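Following the hints, position chain B against chain A.
So the sequences go chain by chain: A and B.
The first sequence begins at 1 in this note's numbering and counts up by one.
The second sequence begins at 1 in this note's numbering and counts up by one.
Everything labelled a hint here was simulated from the structure, so no lab data went into it.
Be aware that one or more of the hints could be misleading.
Calculated pairs, DSSO-like style, for lysine-lysine (alpha carbon to alpha carbon, straight line, at most 27 Å) [stated by the list, open to error]: (1) 349(A) / 24(B); (2) 36(B) / 133(A); (3) 421(A) / 24(B); (4) 397(A) / 36(B); (5) 36(B) / 378(A); (6) 222(A) / 24(B); (7) 92(A) / 36(B); (8) 52(A) / 36(B); (9) 36(B) / 222(A); (10) 124(A) / 36(B); (11) 36(B) / 336(A); (12) 24(B) / 124(A); (13) 336(A) / 24(B); (14) 52(A) / 24(B); (15) 92(A) / 24(B); (16) 24(B) / 422(A); (17) 36(B) / 391(A).
Owing to the predicted nature of the structure, the values given are computational and were not obtained by experimental measurement.
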Amino acid sequence: WGGAAGDSGGGNDIQWCFSQVKGAVDDDVAEADIISTVEFNHSGELLATGDKGGRVVIFQQEQENKTQSHSRGEYNVYSTFQSHEPEFDYLKSLEIEEKINKIRWLPQKNAAQFLLSTNDKTIKLWKISERDKRPEGYNLKEEDGRYRDPTTVTTLRVPVFRPMDLMVEASPRRIFANAHTYHINSISINSDYETYLSADDLRINLWHLEITDRSFNIVDIKPANMEELTEVITAAEFHPNSCNTFVYSSSKGTIRLCDMRASALCDRHSKLFEEPEDPSNRSFFSEIISSISDVKFSHSGRYMMTRDYLSVKIWDLNMENRPVETYQVHEYLRSKLCSLYENDCIFDKFECCWNGSDSIVMTGSYNNFFRMFDRNTKRDITLEASRENNKPRTVLKPRKVCASGKRKKDEISVDSLDFNKKILHTAWHPKENIIAVATTNNLYIFQDKMN
Amino acid sequence: MLRGRRRMESTLDAQSLISISLRKIHSSRTQRGGIKLHKNLLVSYVLRNARQLYLSERYAELYRRQQQHYPDGAPLLAMPACPPPPAPPELPVLPLPADTQDREVRSCAAVRGGAELLEGPVCAAPPELQRAPCRDSSPGFYRAAGSAGPGGGGGGGSSAAPGLLYAAGCDFGTGGVPHCSSRTTVLDLDTHVVTTVENGYLHQDCCSQCPCCCQPVAGLASPPPAPGTKRKYYPGQEEEEEGVEEGEPGGGGVAGGPPFAPCTKRARFEEYSAEHPQDSSNISNLISIFGSGFTGLVSRQQADSEQPLNGQLCGKQALASLGAWTRAIVAF
Chain A
1 WGGAAGDSGG
11 GNDIQWCFSQ
21 VKGAVDDDVA
31 EADIISTVEF
41 NHSGELLATG
51 DKGGRVVIFQ
61 QEQENKTQSH
71 SRGEYNVYST
81 FQSHEPEFDY
91 LKSLEIEEKI
101 NKIRWLPQKN
111 AAQFLLSTND
121 KTIKLWKISE
131 RDKRPEGYNL
141 KEEDGRYRDP
151 TTVTTLRVPV
161 FRPMDLMVEA
171 SPRRIFANAH
181 TYHINSISIN
191 SDYETYLSAD
201 DLRINLWHLE
211 ITDRSFNIVD
221 IKPANMEELT
231 EVITAAEFHP
241 NSCNTFVYSS
251 SKGTIRLCDM
261 RASALCDRHS
271 KLFEEPEDPS
281 NRSFFSEIIS
291 SISDVKFSHS
301 GRYMMTRDYL
311 SVKIWDLNME
321 NRPVETYQVH
331 EYLRSKLCSL
341 YENDCIFDKF
351 ECCWNGSDSI
361 VMTGSYNNFF
371 RMFDRNTKRD
381 ITLEASRENN
391 KPRTVLKPRK
401 VCASGKRKKD
411 EISVDSLDFN
421 KKILHTAWHP
431 KENIIAVATT
441 NNLYIFQDKM
451 N
Chain B
1 MLRGRRRMES
11 TLDAQSLISI
21 SLRKIHSSRT
31 QRGGIKLHKN
41 LLVSYVLRNA
51 RQLYLSERYA
61 ELYRRQQQHY
71 PDGAPLLAMP
81 ACPPPPAPPE
91 LPVLPLPADT
101 QDREVRSCAA
111 VRGGAELLEG
121 PVCAAPPELQ
131 RAPCRDSSPG
141 FYRAAGSAGP
151 GGGGGGGSSA
161 APGLLYAAGC
171 DFGTGGVPHC
181 SSRTTVLDLD
191 THVVTTVENG
201 YLHQDCCSQC
211 PCCCQPVAGL
221 ASPPPAPGTK
231 RKYYPGQEEE
241 EEGVEEGEPG
251 GGGVAGGPPF
261 APCTKRARFE
271 EYSAEHPQDS
281 SNISNLISIF
291 GSGFTGLVSR
301 QQADSEQPLN
311 GQLCGKQALA
321 SLGAWTRAIV
331 AF
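Next up, chain A with everything else stripped away, as it sits in the complex (with noise of 0.2 Å):
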């Protein structure tokens, strides 16, 4: 099913097997282990989580063992930190949760990894270094660290450096703070690498990764009056391959293109992407389910996709006036936005991905379900998050949702979803057919089973 990347593309189905699950087994969820976003890197060799407690998990994968071509590397813990702490804003009185929203990774440019993340207020810029050597026979100190006198020295040594355990360190390089009124939604590395834009309800940033004391303001959609507010911004990227272009998603559900190149304050958009309302789809709560809860390039750049609460869009980046697909995740919710509007459901911001060829997207859905459109073959899959499936190497057996009539055996009724548990966090290995799954305080890893 799909195109592998790398694949030809009219090539074998994916089948997904279960790789790993990391986190707590507890049905008991502790909020600060609720998982906020996951991110891989560059290469893919690094997988980036963050949670509402503040802290990031970085997994590495380990080195593809050669004679167990079966499978690929697992990954595992490399790095654990306290990325922000809860503080309060004395002036506002508001409490600033610690909550990682966003994780963006550097490219790599030595043997350092650097990544920023960011909370509502704050973002920041850390260092992840490993050390597995370290200096041995000083001639002041001896190795555990007590001053040697320095009568006793008779003879002087140069220090070695002597193997030691792998530690990886994570070090803050960079704080970018009081940049932001409104809540930060999203953080996008420019493709100059130097650069980046940190995006909140009502503004967006540039700023430069050297210089934290000053950023440049570049959108600004706050009303004179903010009884006129009608829209947020919701989501912000910068094109993978244009220095000077970047998007941004509203609440309206429009689509702005912004080129740098035209004025210091890009109020003014480039391109406008939005599509009609179909009216006949009017309720109460369309302005909610029209909403944008991401937006994300294809690799190419050439494409965009969006999500808001039902669907997931393509938009060709030459054509404005309507996307050029459309993918239902899970349209039998339709008939719920009520229900779901009483238990905050209708809220969730859903996050989505492409993979690394760009021939399939992926986004997460309720039940711990989460969705594959493949937009060659127009086909799609719905797949589960679940511990009760994880036997390496199994093949994920395809779920389906009965949303009326008479349920088929295996099929599960809308009314049995199970709206606690959700899936807003996944992304796609880069090169492989490698993905990462985030339930609420759980992250799946999954691969293509491979010959």
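Relative to the frame of chain A, chain B by itself:
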């Protein structure tokens, strides 16, 4: 009568949506991390939609009563004499958004025609309407409200409502000459007090655009409420506008400023009917809080409007005063 029951159900659902939304806004003020602007904006849209439906239902009820009382067919609304009714209900004084010029024209016609048509769409609500307090097939309700009138549907969902609003807001005691009611009920989200004020003139909601209505001047005077009614406490809102921008604690519900502002100062949609058959009359009255609010939901023209309109000053006053619920939202 089955039709009546269906109508009541959809009104109940709109009411329950309104109360649910109010609860969400209120609880958002105490959530960790501060008020989420995005979520509250979306909730306000639901509120607006539910309110539109609720008001259109009330108008339909009015119309029916009118038909009963005036079987000879006296016109319900002197619509031709009125200028096109402006905005959707939450800010009645505002004209419609710039892109709905033709909507305004349509809406006047819509109201004339819609008065009869409203019966239709409401009763055409999907037969699968259940008695559940909050139904899931919401399209039915909204469609009922929105499709009234020849131009309705889709984005024109609000087109019928403005005219309906105005009719609903005015009493029809004497042969088609409407006058404004004098009873207002408000909920203060800070003190959780629901207050009904008698004889508080609030004409801006219905008179500002409709010269056939009564004089608006009285609205400015803010006469003191009749004795016997509970007085309302509102922290001063003018200084809070600034304070709210900077982020008052808890979203601005703190005491401060002029200690007493009669609730007539706030924009309130008038609850004209003295009959409240439902037990949820309090809830139905909560709609009145949302006289002000995100004006941008409606239009951007108000700030630019140069036209002197009757009751314009009332409208500006309404605009200037921040509703309690917007304080909850605009907490930065």
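To see whether the hints hold, each was checked on the structure:
1. 349(A) / 24(B): 17 Å, holds
2. 36(B) / 133(A): Violated, at roughly 47 Å.
3. 421(A) / 24(B): Within the cut-off at roughly 22 Å; holds.
4. 397(A) / 36(B): 38 Å, violated
5. 36(B) / 378(A): 37 Å, violated
6. 222(A) / 24(B): It holds: about 23 Å lies between the C-alpha atoms, which stays within 27 Å.
7. 92(A) / 36(B): 14 Å, holds
8. 52(A) / 36(B): At roughly 16 Å apart (the allowed maximum being 27 Å), residue 36(B) and residue 52(A) satisfy the hint.
9. 36(B) / 222(A): Answer holds: residue 36(B) to residue 222(A) is near 15 Å, not above 27 Å.
10. 124(A) / 36(B): 22 Å, holds
11. 36(B) / 336(A): With Cα atoms ~24 Å apart, residue 36(B) and residue 336(A) stay inside 27 Å; holds.
12. 24(B) / 124(A): Roughly 32 Å between the alpha carbons, so the hint for residue 24(B) and residue 124(A) is violated.
13. 336(A) / 24(B): Status holds; Cα separation ~18 Å.
14. 52(A) / 24(B): 22 Å, holds
15. 92(A) / 24(B): 21 Å, holds
16. 24(B) / 422(A): 21 Å, holds
17. 36(B) / 391(A): Violated: residue 36(B) and residue 391(A) sit about 41 Å apart, past 27 Å.
Hints 2, 4, 5, 12, 17 from the list above are not met by this structure, while the remaining hints are.
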